[in-house]
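Single-letter residue listing:
2 protein chains.
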Amino acid sequence: MTQVLPLAVALGEPTGIGPEIVAKAWEERNTAGLLPFCAMGDMRAIKNVWNGPLQCVDTLSGAVDVFAHALPVLHIDSAGDIRPGHPTLEGARCALNSLEMAVGLTRSGAASAVVTCPISKKWLYQIGFTHPGQTEFVAERCGIAANNAVMMLAGPTLRVVPITTHIPLKDVPDAISPELIMSKVRVTTKALKRDFGIESPRLVMAGLNPHAGECGALGLEEAEIVAPVIAQLRAEGIDITGPHPADALFHARMRAGYDAAICLYHDQALIPLKTLHFDEGVNMTLGLPIIRTSPDHGTAFDIAGKDMAHPGAMIAALKLAERAAQTRALAIDA
Amino acid sequence: MTQVLPLAVALGEPTGIGPEIVAKAWEERNTAGLLPFCAMGDMRAIKNVWNGPLQCVDTLSGAVDVFAHALPVLHIDSAGDIRPGHPTLEGARCALNSLEMAVGLTRSGAASAVVTCPISKKWLYQIGFTHPGQTEFVAERCGIAANNAVMMLAGPTLRVVPITTHIPLKDVPDAISPELIMSKVRVTTKALKRDFGIESPRLVMAGLNPHAGECGALGLEEAEIVAPVIAQLRAEGIDITGPHPADALFHARMRAGYDAAICLYHDQALIPLKTLHFDEGVNMTLGLPIIRTSPDHGTAFDIAGKDMAHPGAMIAALKLAERAAQTRALAIDA
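Protein chains in written order, with our numbering: chain P, 19 to 352; chain D, 19 to 352.
One should not assume that every hint holds.
One copy or two, it doesn't matter: identical chains are merged, so the pair holds either way.
No farther apart than 35 Å at their CA atoms in a straight line, the calculated lysine-lysine pairs in the DSBU-like style are these [said to hold, decoys possible]: (1) Lys-208 <-> Lys-188; (2) Lys-324 <-> Lys-208; (3) Lys-211 <-> Lys-42; (4) Lys-139 <-> Lys-188; (5) Lys-140 <-> Lys-188; (6) Lys-208 <-> Lys-65; (7) Lys-42 <-> Lys-324; (8) Lys-324 <-> Lys-188.
Simulated from the structure, these hints should not be mistaken for laboratory data.
Could you build all of it, start to finish, from the sequences and the hints given here?
Shown next, in the form of C-alpha cells:
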C-alpha cells in the first residue's frame, strides 16, 4: 500500500477564476470522489469568492487530515490588494510563487502531482517571466528540455497531442521536422504506458493538408515528412498509423480505435477536443519526472468573482492527475 | 399550391456506392418522409447491388407517380461492363452524363433540385474533364464564376463554409484575400435567407492562427485581413462576428448562437463538421440559380457492392434539397 500523498494545486493568477474553481472542486470532493489536495496561494483570493471552510496548513501531510472538513491552503502572502478581474504585478508574483511551491513540493516527494490553475502570461511577462508558459517553466524546474515536454489535451473520449503549438499557422509547414515529430511521439507513447497504464498504446497521426495531401495533389508534406517518420516509428515498435485525413479522424467510430491522435498544429488538435469536450478538457504535460495537469481554459477575468465559473475542467484535471499518480505508484509497487 | 416536382439524382460513378445509397434511400422514403426523386444513370449499376423494384421512366413527371412503388430511373446507357469497385473510362463518361442530365433537367424547370452522388475525379480527369470537381462543373453550366459558387457543409447542428478548399495548407495564408472572403460571406448570407428561410442570418468567422492570433502575438492575418473584412461586412448590414479562436467556436453552447461558421481552410471547417456529423454531412453549393446538394463522402470503391454503404448522408442531402426547394417555392408564392 502506497502512502496517500495530496495533490499540490497552484492557485495561479489570484484575480482569475482559479481560486473559485478550486473551492468549487473541493465542494464536490465526495460526489466526484476526489483524493485530498492542497491549494497554494493567497487565502484572501479564495475568501473573496467563496464562503466555505478554509484552513491554513503548514505542511502537505497536515492537509490530508484537514481535507475532509475544510479546503487546506498553504498560504502565500501577496503584497497588494486582490480584486477579482483586476490583475496586478503583485498578483502575478504570487501566481509564480504558487507554481514554484507546487512544483518544488512535488519534486521533493511531498505531493503526488501538480495541478495548475490558469495564469496570465501577459502579467507574468511584466514581472520578468521568460518562459513561453507554465509548461516550459515546469519542464525547466524538472531539468527537461522544453521540446521534450509534450502537451497533451485530454477529454473523456479523446486525447490529442499537437506537434507544434503556439506559432502562426504559416510557420507550421517549416516547423514540423522529422526530429520534432519523432521526439514527441516517443514521449507520448511512454507516457500512455507510464501514466495511463496502457500496455500497448495505439496512435494515429493526422496529415497536414486536406485529404492528407491526396497522394501529393494537395501538398507534399505527407509524403516527404510524415510518412517516412511513421515508417521509422513503426520500425521502432510504436503502433502508429497515418498520415490520415484530419477531418476523418475524430468521429466516434474512429476515436474508439486509438489511444491518442498526434496532430501537426494547434487547431488541428484543439478543434476536435474542444468541440467534443469544451468543459472537461485537461492539459497534461508528458515527459516530466513529475505529473502535471491543468484545466484547459484561461483566467477568464471577465467572469472572475461572479460565481459563474464551472469547476468541470478543474475536477477533470484533479482526477487525471490522481489516476496518473496511482498508475505510477502501482508500477513501483509491482 | 406549387406543383410537386421530383428531385433529380445523378447516380455519379456507377461502380462506387452511389447506386446503393440511392436505392437504400428509396427504401426509407416513407420512414424518412422523402419527396419523390428520380435517379439518372445506368439501371444496371443499381441492379448489380439491389434487388428492389426499379422502373425505367422517360420523363420526370412520370417519376412522381412511379416513386410510391418503385425507384424511377432515367436510364443512361454505359458502354462497358459495370462491376462494383472496378471503375472504367466508360463508367466515368456515364457519371458525367448523369450529372449533365440532372443539371439540365433542373435548369429547365423539370426537377426541383439536383442531388449528386460521388464521382471519381481521377477517372473523370482521364476522360478530359477539366473542372476541379462537380461543384465547378455545375457552376459553369449555371453561368456562375467558380469563386461565386460557395461550398457549404451542413449537419444537424452545424453549418460551415470554408473560404479556401482543396489547396495545400501552406498556400492558405496567401489565398485568403479580402475579396474572396467578402464574396463568399455575401453569397452565404443570401443563401441562408433564400434556401434556409432564415430572415436574419447570424454568422461567425474563425481566425487563422491559434487563439485567433492572440492580438498579433501568434500571427497577423486576423488584424490585417480578417478584422477589416468583418468590419466592412458589418457595415453592409451582415450580422457577422469574429475573428474567433477556431477551437472555441464549435461546442454546443457556441453553435446555438449562429447559423453558419465561416472558416478559412478545409480542415478548419471539415474537422468539426465530421467530428460531430460524420454520417450525416451534406455538401451544398450556394450561389447557384438551382439547388444542388450531395452526400459529403466519396465513391468508397473498397466497400462498393458489399451492401455495407450507409444511406444516412444521401437521405440528409435529399431532405436538405427538398427543404431548400420548398423554401424558394414559398417565397415565390408569397
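Against the structure, the hints come out as follows:
| no. | hint | result |
| --- | --- | --- |
| 1 | Lys-208 <-> Lys-188 | both (31 Å within a copy, 32 Å between copies) |
| 2 | Lys-324 <-> Lys-208 | neither (41 Å within a copy, 40 Å between copies) |
| 3 | Lys-211 <-> Lys-42 | within (31 Å within a copy, 44 Å between copies) |
| 4 | Lys-139 <-> Lys-188 | both (23 Å within a copy, 29 Å between copies) |
| 5 | Lys-140 <-> Lys-188 | both (24 Å within a copy, 30 Å between copies) |
| 6 | Lys-208 <-> Lys-65 | neither (41 Å within a copy, 52 Å between copies) |
| 7 | Lys-42 <-> Lys-324 | within (13 Å within a copy, 54 Å between copies) |
| 8 | Lys-324 <-> Lys-188 | neither (39 Å within a copy, 43 Å between copies) |
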